[in-house]
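*Asks:* Each chain, letter by letter, is given below.
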Amino acid sequence: MLSQIARRLLTALPTLIGVIIVTFLLTRVLPGDTAAYFAGPAATPQAIEEVKKKLGLDRSLPVQFVSYVEALAKGDLGASLSTGQTVVKDIRTRLPASAELTLAGLVLGIVVAVPLGILAAVRQGSWIDHLCRVVATAGVSLPVFFSGLLLVYLFYYRLGWAPPPMGRLDVFSTAPNSITGFYLIDSLIARDFETFRAAFAQLILPAVTLGMFALAPIARMTRASMLAALSSEFVRTAKASGLSTRAVIVTYAFRNAMLPVVTTLGMVFSFLLGANVLVEKVFAWPGIGSYAVDALIKSDFAPVQGFVLTMAILYVMLNLLIDILYGVIDPRVRIEA
Amino acid sequence: MDRRKFLQSASVTALAAGTGVAAPAIWSPAKADARSETLLIVSESGPNNLDIQGVGTNVPGYEASWNCYDRLISHEMKTLANGTQYYDRDKFKPELAEDMKTDDMSVTFKLRKDATFQDGTSVTAADVKWSLDRAVTVGGFPTFQMSAGSMTKAEQFVIVDDHTIRVDYLTKDRLTVPDLAVIVPGIYNSGLVKKNATATDPWGLEYTKQNTAGSGAYKVTKWTPDTEVVFERNETWKGGPLPKTKRVIWRMVPDAGNRRALLERGDADVSYDLPNKDFVDLRQAGKVSIVSTPYSNGIQYIGMNVTKPPFDNVKVRQAVACAIPYQKIMDAVLYGLAKPLFGAAANAPVDVAWPQAHSYNTDIAKAKQLLAEAGYPNGFETTMSFDLGFAVVNEPICVLTQESLAQIGIKVTLNKIPGANWRTELNKKVMPLYTNVFSGWLDYPEYFFYWCYDGQNSVFNTMSYQSKDMDALIDGARKSAASGDKATYDKDVKGFVSLAFNDIPRVPLYQPYVNVAMQKNVTGYQYWFHRRLDYRAMVKA
Amino acid sequence: MSALETEAEPTATSSGFMRSATATLQHARYTFAENPVSGIAFALFVVLLICAVIGPAIVPYSPLASDTAAALKPPSLQHWFGTDQLGRDMFSRVVVATRLDMAIAVFSVALVFAMGGVAGIAAGFFGGWIDQVVGRTADTIMAFPLFVLAMGIVAALGNTVTNIVIATAIINFPLYARIARAEANIRRDSGFVQAARLTGNSEMRIVLTQILPNIMPIMVVQMSLTMGYAILNAAGLSFIGLGVKPPTPEWGIMVAEGAGFIVSGDWWIAFFPGAALMLAVFCFNLLGDGLRDIVDPQRRT
Amino acid sequence: MSDTALLDIQNLTVEFATRRGTVRAVEKVSLTIAKGETVGIVGESGSGKSVTSYAVMRILDRAGRIADGTVSFGGTDLRTISEGAMRDLRGREISMIFQNPRAALNPIRKVGRQIEDVLIEHVQATSRDAKEKAIGILRQVRIANPEERYHAYPFELSGGMCQRIVIALALACKPQLLIADEPTTGLDVTTQKAVMDLVVELTRERNMSTILITHDLGLAATYCDKVIVMEQGKVVESAESTSIFLKPTHRYTRKLVRATPRPGITLRDLLPEEIATPPIAPAPVALGGTPILKVENLVKEYRRQDASGGLAKFFGRKSDQDTSAFRAVDGISFEVGTGESVGLVGESGCGKSTTSMMVMRLLDPTAGKIVFAGEDIGTIPARRFAGSAWRRRIQMVFQDPTDSLNPRYTAARAIADPILRMGEDTGSGSVRTQVEELARLVGLPGNLLDRFPHQLSGGQKARVGIARAIALRPELVILDEPTAALDVSVQAVVLNLLQDLKATLGMSYLFVSHDLHVVRLLCDRVIVMRQGRIVEQGTAEQVLEAPKADYTRELIDAIPHPPV
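Chains as they are written, first to last, in the working numbering: chain A, 1 to 337; chain B, 1 to 541; chain C, 1 to 301; chain D, 1 to 564.
Do not take every clue at face value.
[Said to hold, decoys possible] When the alpha-carbon atoms are kept at most 30 Å apart in a straight line, the in silico BS3-like pairs for lysine-lysine are as follows:
hint, chain 1, residue 1, chain 2, residue 2
1, B, 428, A, 52
2, B, 520, B, 153
3, B, 110, A, 74
4, B, 315, C, 245
5, C, 245, B, 339
6, B, 129, A, 54
7, D, 193, D, 294
8, A, 54, B, 195
9, B, 308, B, 246
10, B, 429, A, 54
11, B, 428, B, 491
12, A, 89, B, 222
13, B, 315, A, 54
14, B, 494, B, 468
15, B, 172, B, 93
16, C, 73, B, 287
17, B, 194, A, 74
18, B, 110, B, 222
19, B, 194, A, 89
20, C, 73, B, 308
21, B, 93, B, 479
22, A, 53, B, 195
23, B, 339, B, 222
24, C, 73, B, 411
25, D, 294, D, 548
26, D, 174, D, 35
27, D, 193, D, 174
28, B, 429, C, 73
29, B, 78, B, 110
30, B, 91, B, 110
31, A, 54, B, 494
32, B, 110, B, 93
33, B, 153, B, 195
34, B, 428, A, 53
[Said to hold, decoys possible] Cβ pair distances, simulated, as ranges:
hint, chain 1, residue 1, chain 2, residue 2, range
35, A, 53, C, 54, 38 to 44 Å
36, B, 287, C, 103, 42 to 48 Å
37, C, 129, A, 60, 26 to 32 Å
[Said to hold, decoys possible] Sample of chain A residues facing chain B (criterion: CB under 8 Å; computed from the structure):
hint, residue
38, 32
39, 90
40, 154
The hints are simulated quantities; they were obtained by calculation from the structure and are not laboratory data. The beta-carbon is built from N, C-alpha and C at its ideal position, and this holds for glycine as well.
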């Protein structure tokens, strides 16, 4: 098992190298001028040139790349211009925020989409099937920033049900001691239920916004794979053996239908983690998505590189996790592995 | 590594010691109290550095510096007709200094004896010298700003005794004293900062980036970049009466609609970077109070690069000036929240002041005629650029201008430039047509013109405008200001304003307003030249 | 050979292409009848198409003409969708924007089909090093957070429609490569491909005449689904300021700009382009679903 | 045999809603099954035999419904009882086993657990003793090591073993009626015999009634007391199995009986008597000259792909397997004489298809020679063979006529393909005329030429495939199970067609098949393969009448022997 994991990680190495190279090149092509930024508003061209030299930006690209990789090997991702902190520190504080939000959105999506997909498949062609299609598709049809703003407008501004969209906690709550970085979990560990409630309240709207987006792919895949499973011969056998509808749908059809759903979940998760950029902006959520976007807009290399690398590593880990999960669900994969 | 660890533990202790925030059990019941003693500010972006003398500190960072550091002197307040507290350009008051004595070629400050830094050590002349030395030495913006007051060398700052310091003039410059009251020459706890300096960072910039080390009215106790800054009152502040507000929490809320919503629902106390439309709406709704004050020494303008055709032709520039839809911009973009700078009787000014209005107004027929005279009867094609960072105002201005210019045959393509690249693009001085804002901290016409119109072609002379006459007038005004020759000064100022209007390399559109929206129970807003908030006077009832 | 007439043969008498065309049409009609949602989507698609083709000719106002006196007017008989902050007619802007948004969608999808489809087919059919290279490329792109990659590409290459199209195509590359590869791979040794080898077709010819036409329907479904995503992607880029140049009407940019006016009560500025955007994405998604039903050989008996 | 009918179906009519309106799949079917009786329902595809059984079980899919008739089981009307009551009957009173046993089992659940599910559902066991009982049942279906097999997943078991599990599932609750729907289709003939013997033994032992649904009249007649023949949804004949072969009364039954390959007949005997024409005399070919094909020590090894195909991984989850080489074909040698038909026979996995693919030059051999018309064509890589002049001289008819036709090509286009690609201008008219001539030759009505594959029946598609193969008058045609996917009556026609074409055009055939009867009818010589090796070869009579190898004998014995 361990060697299997190690081997999988090894095969991901070229991908990571590719990501590092592409990101490096991409950030160097960005139009912004780091040196001009550092040199300040009134800098003379000579001053900018000097800063350039100091930052090593006057060297050739390959040389810059080598020093970047050297720093990377030491775990140094550089520093962000716009926050003034090291990228490692920024990502460490911000990743849990994004992960918590994304997971919450994903869980919400699953909780709604999977039963909806199953129902749509079981009652194929009925109104519930059409409803599932329309609801799921409508969710994915709205730009997230728009649906996010609408939710804020409605539930905070108009109705006053939701707390103000000011990040992970309202101003007068204190963040729980960081153990996992997830406020919900940390506050529970600390038995600080007031903070838990506050963090939970802050999480609802952004999670719903993201969840709406996750709905369509999950529901669609659940429906399709459930349909395939339901029309499979082993389900017919199960039916012919007189197994209860529940057993047929859950134990027989759904467990088999889960395989493609799990793959989709993985893709949706990595997609959401990158795409919650806009949601984070709307809800002032201090995550890495908005961090990376700001950095990109400001031509701030280091955070962009750090962010992409983090995401790539997450992606690799996620795929590994899915593979393991696959093995748990499907004995065929397990044995061959 | 060790240093970083130290920094972390240092800030943690500061946090715990300062407020007792760490204990949630105490915190929760006290929530209501905390709410009333806390001023909650929301804005789009936050600081990237707590020290204005740091490398690449952004504008929000200035606000932290202003409130956490004292300077030797500051300005008195005056009350405008509408009741707004407005800094008095000409009246200084002591801050860390208790006395200021000006001589012909120097100025001497006597420090307060009782002033201490936030760690308890007292403020000495050595700290002042070290801080001023730092400002003129570190390079970048602080050094540039110091040079605007003719302070460029460490030798200019002389320790007379433990509590007396003298600033020697290199040249006689009437801006030297005002320049000591801007944000840059704050006084740092040299002992503390030096302790945290390294060989590669002799001025301890890394330390002051993350920590405040001043004697000011507030200190930063928590800073989560791009998320929030928490300021706590310095209970031992000596620079003035103890501020009423115990704690200031400054949250970054990127979406403008949400900031407005927070204000309207009473969840935020103060916000100052909303779209003009929102300020107008809020004022009409009357739930929050809005203070609008024109930028001192600042204008929004449309600039033209005079080094290249077609804008090297003054008639073309005048044609553009006649084609700009000024009033439309005032109405549809600014909703009246700006001071118009167009449509004066003549280009020859009556007042010795800046900014003031020019005589151009929207007159398409005249613009066409001028363009024909310039040899472009059928117009031409060009590109107009704007800073995306201020797209809310810039984009509609450009769109309206584009539409208007099309009427005289000038086909304009709009080019939006991300905020981070804007300065780089300006520095290149190749954009033919663009809109931009310039404002100077030091509110003197010759100061503005020296940077924006002078032949030395500084970065702010974005048009690359060069004129011998202009240079002579600016030089004359600077000299006569220093020597106190009021008649020559007035003549020269009127002269260069008039020349700038006739040659019109940049077309002033309006003087923007600084708008601040506050809950009704928040008072004590003061307008400062730097346009950031001064927490010291703000009161939440 | 008289022995041969005994088999029952499918009942149809008209010949050749005509029959196949009518059968497809019939099938489509059946699918839409069976699935009213797809029918609605198709109708919507037709409307969008009409707007895209003749939109600029039928709108009541110029989409660029400002009228500051009539700024921020709510929907009325005069301005069906109201006016924006510069007094431009929102209805005209929304309708005219259809063409650009559809163009972005169509071109990015065509581009990614050309890149991803070809690469995927080659990978699936030939295998070997081509498979390796295509796979690695797709994997690397997948490892990027896609939206940020699109932003990066647009930011780096410049803020133009072409670059938005390119960025959208690139981030969809793995999806297309993946599908095309899988489809080509299962057909690589199928009976009719083997048969084509026997009849002397070169491998290249087999790809073109045997593999490609059979993969097309599946790719078309995918393309329809991606169209919606392409529009959303462009809208997202607009939201953070990387969209098309002003004052060109584009749904995403209009929503992004209008979003700032929601709280002040001027809901129509964001609402109508938002609705148009949503309907378009909605339509492409449902159409993709509907097309899948038509194409899906299992449902076509 | 008891007198009381256990199952009594009267006037059963089943309808399906399709886009072309309502289709009657089963029309007024009546049949009764007495306790302990075994009844075979025989029919070709589309005859409604499976639908009848699904209707009895009430597991018709969404579109189908019982329109009329009664289904009475032990006095209970199955049409009217509630779904809950019906569910209770399924598996407990009436069980069913299906074709394709591997697919009929939940792939990700241990087989033992699947048996337990049924036991517990029908309260035949509690969660405490379920395992024990499940193992007991596994033992009853003759599964060795039942304790161990209990933990196996379907993919770990062979097809025959899977079918035993399915039987175990069906018999777990000791039902009174077993419906076996094509239980052995797709299984090798030896496995088929073992499975059928087991079913018969177990049902007899428990005095159960059985319905055997099959397309194979021979199988039904061998194992059943009574045979019911269905055609297009109707019962056309019902008779004792002992008499069905001897005196079939209905025209359709007669056709089926005749079309069923059996010992001692000729190809022409397969066709219905009214249309059987005298055999065509073979074209004069110099038999016994140089062999057209000579295969020497042919070997094909498959090396397992290295696991590091990280990308294959990315695209689809291919499994990593052990790296040992596997010999699919293990050094075989044989010849095909000019004008000769040689049958290559063996069970699945014996290497016969791999051999044919290599001879076909679609696959490169690992070692050995393939000498065609005196040249070693094995040296030309498969990749380049399509461009060589040899290509047109060896052609193939594929096993699955549907899969082997490009769905986007009309029949005419498919037939024309070789002519367009490799044809020389023979002056025999346009391509279209050549295609029409070929169509006539294979008996494909000209008006079907413009149809797409999905608009053609199985037999018509087979004809298109044959026409394409013979378009360029190849010298050697490899027939890869050309009739495996066809109904027997169609098979009969196609086999005759192939025979006639060979006689007319003077080709040589290499006929790959699993069906010894069919091979004997068409082939002059037979080669029997097992596990990549040849176990026996000789003339058809020799091999079938007096097999030398035990394995051959086993194969022959396993073929159902209906009481003729």
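*Asks:* Which of the listed hints are not met by the structure?
*Replies:* When the structure is compared with the hints, numbers 2, 3, 7, 9, 11, 13, 18, 20, 23, 28, 31, 35 and 40 turn out to be violated.
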